[in-house]
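Going down the list, the protein sequences come from chains A and B.
Residue 65 in numbering that gives the first Met the number 0 sits at position 66 of the first sequence, and the numbers go up by one each step.
Residue 58 in numbering that gives the first Met the number 0 sits at position 59 of the second sequence, and the numbers go up by one each step.
No incorrect hints appear here.
Which residues of chain A face chain B? A few of them, derived with a C-beta cut under 7 Å, are: (1) R58; (2) V101; (3) R104; (4) L108.
Across the chosen pairs, the derived CB separations fall in these ranges: (5) L24/B <-> G194/A: 42 to 52 Å; (6) W32/A <-> G31/B: 45 to 55 Å; (7) I20/B <-> S229/A: 47 to 57 Å; (8) K58/B <-> S229/A: 45 to 55 Å; (9) P67/A <-> E59/B: 12 to 22 Å; (10) K1/B <-> E209/A: 51 to 61 Å; (11) G79/A <-> V32/B: 50 to 60 Å; (12) K58/B <-> E70/A: 14 to 24 Å; (13) Y56/A <-> R36/B: 15 to 25 Å; (14) D150/A <-> V77/B: 27 to 37 Å; (15) T153/A <-> R50/B: 34 to 44 Å; (16) S10/B <-> D171/A: 36 to 46 Å; (17) E27/A <-> R50/B: 52 to 62 Å.
Rather than coming from a laboratory, the hints here were simulated on the basis of the structure.
What you are looking at is a predicted structure, and each value in this text was computed from that prediction instead of being measured.
In this text, a Cβ means the ideal position worked out from N, Cα and C, and glycines have one as well.
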Amino acid sequence: MKSAVIVFPGINREHDMARTLRLISGREPAMVWHADTTLPAGTDLAVIPGGFSYGDYLRCGAIAARSPIMEAVRAFAGRGGLVLGVCNGFQILCESGLLPGVLMRNAQLKFICRDVYLRIERSDTPFTRGYNAGQVIRVPVAHGEGNYVADAETLTRIENEGRVLFRYAAPDGSLDPQWNVNGATNAIAGLVSAGGNVLGLMPHPENHVEAALGSTDGRGLFQGLAEHLSRAA
Amino acid sequence: MKARVTVTLKSGILDPQGKAIEGALASLGVVGVSSVRQGKVFDIEIADGDRAGAEARLKEAAEKLLANTVIENYDVKVLT
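Produce the complete structure using the sequences and hints provided.
Quick look at the structure:
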């Protein structure tokens, strides 16, 4: 797994992400500055981490989505390259048009920083092959704008195509509005592009990969990606 | 040339901030407010060119950056 972490001004989770990628893959990820115009040769996973790119000015992720490196990310995704966007990264992917919809203010208007439960909807994707369908994992969220919204036609399409990979759920896996922390439509926490190679996810699986931090539930995503890429190679 | 671009949420899109303002107005005793929707205003100066050219450029700005057309509408007005 040769990963590249994209760094925008105002991003603050890039080192968490780099640490996890290093831990799981055994390789140092490349840190790529937003003003760069190319990804390092041989990159097989581009990661947009969380934070507050450009201070969330205008709309979360709006300015980062139009920065020079995103052209390279778009071209990479167009060739089938794997792209993972977490938290602000998800917002940036939506603003860039690589994923449909938009992340609005949390329904209760509060910044939420806590652990949540996610139900894995399917395991036959590069991002979720490290889990079983229906499995519930506990990972943290830290966001003020994670309330996923899309028009009815888009929602029908992404649901019919099975593109929702993660939903906010109760610890037993049932869908309950009480456990849908930010009011996201259809409790959507993470979804993939039509090609299945671009994942946007609000929670932070990269923060739950070491037992010392209380949970390793996030490992499956990164281990699954590493296995997928080692087989593809 | 002075211009103003107004960006508003499309109808049907939930606006929790507008709802909170609506509630705050009610609690301040401002009666008769039945709905509040929050939007954005951009005051822009265009260096030169004709009116039609300015309008086209502002539309481009709104489409490319100022508005997210998934959830927002925009309105362009050249003022002077």
